[in-house]
Amino acid sequence: MLKKIFPTLGRFRFAIQLLMLLFTVYGSALIGHYAAEKVSNTLPALSCAFDKQNGAYCVLVPLQHQMHHRIGEALVQGQQVFNTVVLPLFFLLLSFFTFFVVLNKAFCGWICPLGTMQELLFRLGRRFNRPFHRLKETQAHKARPVKWLMLLVLVLGLPLLAGMGIAPDQVGDPFCQVCPSRLATTLLTADTEQIAVRTGHPINFALGALGNALFGFILIAALAARQPFCRICPLLSLNAAFQKLSPMRLSKQPHEKCEKCGICTKACPMDIHEIWKKSGHKAFNEDCTLCGRCAEYCPDDGVIQIKFFGLPLFKSSRDYYKARVKSETPEGMPKGKVIWLKPADTKLKAE
Amino acid sequence: MRSTFTILALAISLAASAAEMPLAASAPAAEHAGHASRHTHGWTNYPLIQRSMSKGMDGRGTVLMNASNMQADHLYTYAPSDAVPHELELTMAGAKLEALPKVGNYYWVTAREATPEQVIVASTSYYFSNPGPAPTKMLLSKKHELELIPQPLPREHNSYRAKEKWLFLLRFDGVPLANQPLTLETQNGSTLRFTSDAQGYAEVRFPDDFKPETEEKPVSGEHSHGPRRASFVLATEHHNGSVHYLTSFNASYGPDAYTDRNLALGLGFTLLGMACGAPLLRHKRKASPASDTPQTPTGV
Chain A
28 MLKKIFPTLG RFRFAIQLLM LLFTVYGSAL IGHYAAEKVS NTLPALSCAF DKQNGAYCVL
88 VPLQHQMHHR IGEALVQGQQ VFNTVVLPLF FLLLSFFTFF VVLNKAFCGW ICPLGTMQEL
148 LFRLGRRFNR PFHRLKETQA HKARPVKWLM LLVLVLGLPL LAGMGIAPDQ VGDPFCQVCP
208 SRLATTLLTA DTEQIAVRTG HPINFALGAL GNALFGFILI AALAARQPFC RICPLLSLNA
268 AFQKLSPMRL SKQPHEKCEK CGICTKACPM DIHEIWKKSG HKAFNEDCTL CGRCAEYCPD
328 DGVIQIKFFG LPLFKSSRDY YKARVKSETP EGMPKGKVIW LKPADTKLKA E
Chain B
2 MRSTFTILAL AISLAASAAE MPLAASAPAA EHAGHASRHT HGWTNYPLIQ RSMSKGMDGR
62 GTVLMNASNM QADHLYTYAP SDAVPHELEL TMAGAKLEAL PKVGNYYWVT AREATPEQVI
122 VASTSYYFSN PGPAPTKMLL SKKHELELIP QPLPREHNSY RAKEKWLFLL RFDGVPLANQ
182 PLTLETQNGS TLRFTSDAQG YAEVRFPDDF KPETEEKPVS GEHSHGPRRA SFVLATEHHN
242 GSVHYLTSFN ASYGPDAYTD RNLALGLGFT LLGMACGAPL LRHKRKASPA SDTPQTPTGV
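These protein sequence lines map, in sequence, to chains A and B. Residues 28 to 378 in my numbering are what the first sequence spells out, letter by letter. Residues 2 to 301 in my numbering are what the second sequence spells out, letter by letter.
In case anyone wonders, no lab produced these hints; they're calculated from the structure. Each hint should be verified, as a subset may be incorrect.
Unchecked claim - One side only, chain B facing chain A, incomplete, derived with CB under 10 Å:
id: 1; residue: His75
id: 2; residue: Tyr77
id: 3; residue: Ala84
id: 4; residue: Val85
id: 5; residue: Pro86
id: 6; residue: Arg156
id: 7; residue: Val205
id: 8; residue: Pro208
id: 9; residue: Leu272
id: 10; residue: Arg283
Idealized CB from N, CA, C, for every residue including glycine.
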C-alpha cells in the first residue's frame with residue numbers, strides 16, 4: 028500500500044516536504060494557537076517568528092537575538108556571564124543539535140519550507156520548459172564560502188557587535204532582515220506586513236530593500252536553477268559545521284564505473300561534484316542536504332547510501348534507478364505530460 | 002531556545018512601563034476613583050497591574066509586579082497547569098512573580114479589592130519561558146465574579162497592535178454577559194467603548210494613536226529593544242444587587258503593522274529582484290556544454 032503511494036524516495040520526500048510546508052506555515056491553524064508555539068520551541072524550522080500562523084520558527088532568530096541582547100550586552104556589562112549568557116546559549120544550541128542529531132542536514136532537504144518552495148518553483152520551471160542552469164564545479168566552489176560569511180557576519184558577527192554597542196542597534200537581526208523565507212512564509216498566509224520595507228532607519232531600509240530584491244531574485248531564479256538560496260543559506264553552514272557529529276549521513280563506496288558516470292552530480296540539487304568524484308567521508312560534502320537524490324539516481328547497487336548509526340536507510344540499486352528515470356530525469360525533468368510554451372525542439376539538452 | 006524571546010518580552014514590558022509620554026487626561030473611572038491607592042497612574046483611573054519600576058530587583062524567571070489605582074495586599078497568579086492560584090504578598094516594591102517549573106508559559110495575574118459595596122479586580126498576563134500546557138483551560142476557569150478574558154492571548158512573538166481586532170470574553174459568575182459595555186483606555190490618551198455580543202464576546206479594535214516617533218539616538222551600549230509600546234486597560238463594570246463590580250485587564254500594545262513600513266517600496270524592490278533574475282529564464286540560442294558537467298554514460 029505504502030509502496031503504491033510512495034513508489035520512490037523522491038515521492039516520499041516530496042510528500043514530507045509538502046506536509047512540513049503546511050505545518051511550518053499554517054501550523055497554528057492545524058494544531059491550535061498555543062500548541063503551535065510549543066512546537067515552535069522544539070522544531071528549529073526555517074519558518075520564522077514573524078509569521079503569525081506558523082507552527083515553527085527559525086533557530087537563526089534566537090541565535091541573532093542572543094548575540095545581540097545577551098552576549099554583546101553581557102560582554103559590555105561583564106556581569107552574570109554564566110547565568111545570562113552561557114546557559115541560555117548552551118540550551119539554545121542543545122535544543123537545536125538534539126534535533127540535528129536525528130536528522131543531520133536532512134532538515135534542509137526534507138523540512139525547510141523555503142527549500143520546498145524553491146523545489147516547487149523549479150518543478151514549475153520544468154513544466155514550463157524554462158532553461159536549466161547549474162553551477163559548474165569551479166562556480167560551486169566559489170559559492171560555498173558565501174554561506175559561511177552569511178553565518179559569521181549576519182547571524183553571529185553583526186548582532187554581537189550591536190549588542191556590544193559597537194555597531195548600530197539596527198543590525199541586531201541583520202539576517203532576518205534579508206531572509207527570503209520570512210517574506211515567503213508570511214506571504215503564504217496573506218500577510219503583507221513583512222514585504223513592506225522598513226523605512227524608520229536607513230540601515231533597516233537598506234537591509235529591507237536588499238532582502239526584498241533577494242527574495243524577488245530567488246523567486247525567478249528558482250524557476251531555472253535548483254535551490255538558489257540554499258547555496259548561501261547560513262542554516263546550511265550551521266548544519267555543515269557539525270555534520271560529522273550526526274549519526275545520519277551520506278556514504279559512498281568507490282566503484283569502477285563512477286569515473287565515467289556522474290549521474291549522481293546531475294541529480295544533486297546543490298551541484299555537488301564531490302559525490303561523483305570522491306568517495307568515503309569526502310563525498311558527504313558541506314553543501315549536501317541529504318535529499319537522497321544521488322542515491323536514487325546512482326545506477327549501481329549499494330554505492331551510495333543514507334545511513335543512520337551505520338544502518339542503511341536507503342541505498343542505490345540498479346532496478347530502482349531504472350524505474351526512477353522513467354518518471355523523471357536526474358536533472359528533475361518530468362517525463363509525464365509537460366506544458367510546453369516553446370516548440371519541442373527547445374527541450375532540455377540533458378534529456 | 003524557548004527562553005530566547007523572554008528577554009525581549011521583558012524589555013518591551015519594561016519599556017512600556019517606563020514610557021513617559023504626554024498623556025491626555027483619561028476618562029474618570031467610575032465609582033472606584035475615591036479609593037485610597039498605593040500607586041497611581043496618571044493616564045487612567047482604572048486598576049492596573051504592571052511591572053514594578055524597581056529596577057534590578059527582578060531577574061531571569063522572576064519579575065516584580067505592582068497594583069495601582071486600587072488597594073490590594075496580594076497578587077494572585079494562575080499558571081496553566083496549576084489547580085490553585087499562588088498568593089503573593091504585595092509590598093511597596095511589588096510582588097515577586099516567579100516562573101514555576103513545568104507549569105506553562107502564560108501566567109494570569111490578578112489583584113482584588115473587596116468591600117461589601119464593591120469588588121474591584123485587576124488582571125494582566127505575563128509570559129515566562131517555561132514549558133507546560135497551553136493556557137486555554139486556565140483562562141476559562143472561573144477566578145472572580147466579573148471576568149474579562151482574552152480569547153486568546155497574543156503568543157510569545159506577537160502582541161496587541163494598533164488597528165488590530167482582538168476578542169475578549171465577558172462573564173459574570175461564569176455566565177457570558179451579553180450586551181455588556183467595555184471601555185478601552187490607552188496610555189496615548191484614547192478612550193473607546195465596545196459592547197459584547199450575545200455570546201459575551203467583545204471585539205476590541207486597538208486605536209491607531211501613536212504619535213510620530215522623535216529622533217533619539219541611544220547612548221553607546223544601550224539598546225532600543227524593539228518597537229514602541231504603550232499601555233492600555235480594558236475595563237467593564239456590572240451591578241449585581243447592591244454590589245458594584247469592576248474588572249480590568251491591562252497590557253501593552255504597539256503601533257500598527259505598517260508604521261515605518263512602505264508596502265509599495267517593498268513590492269518595488271521585489272520586482273527589481275525579479276527583473277534581475279529574469280535573464281535566467283531566457284533560452285540561449287546555442288548553449289555550450291559545461292566542461293566539467295558529467296556526461297550521461299552509455300554503459301549504465
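Any of the earlier hints contradicted here, and which numbers?
Violated: hints 1, 2, 3, 4, 5, 7 and 8.
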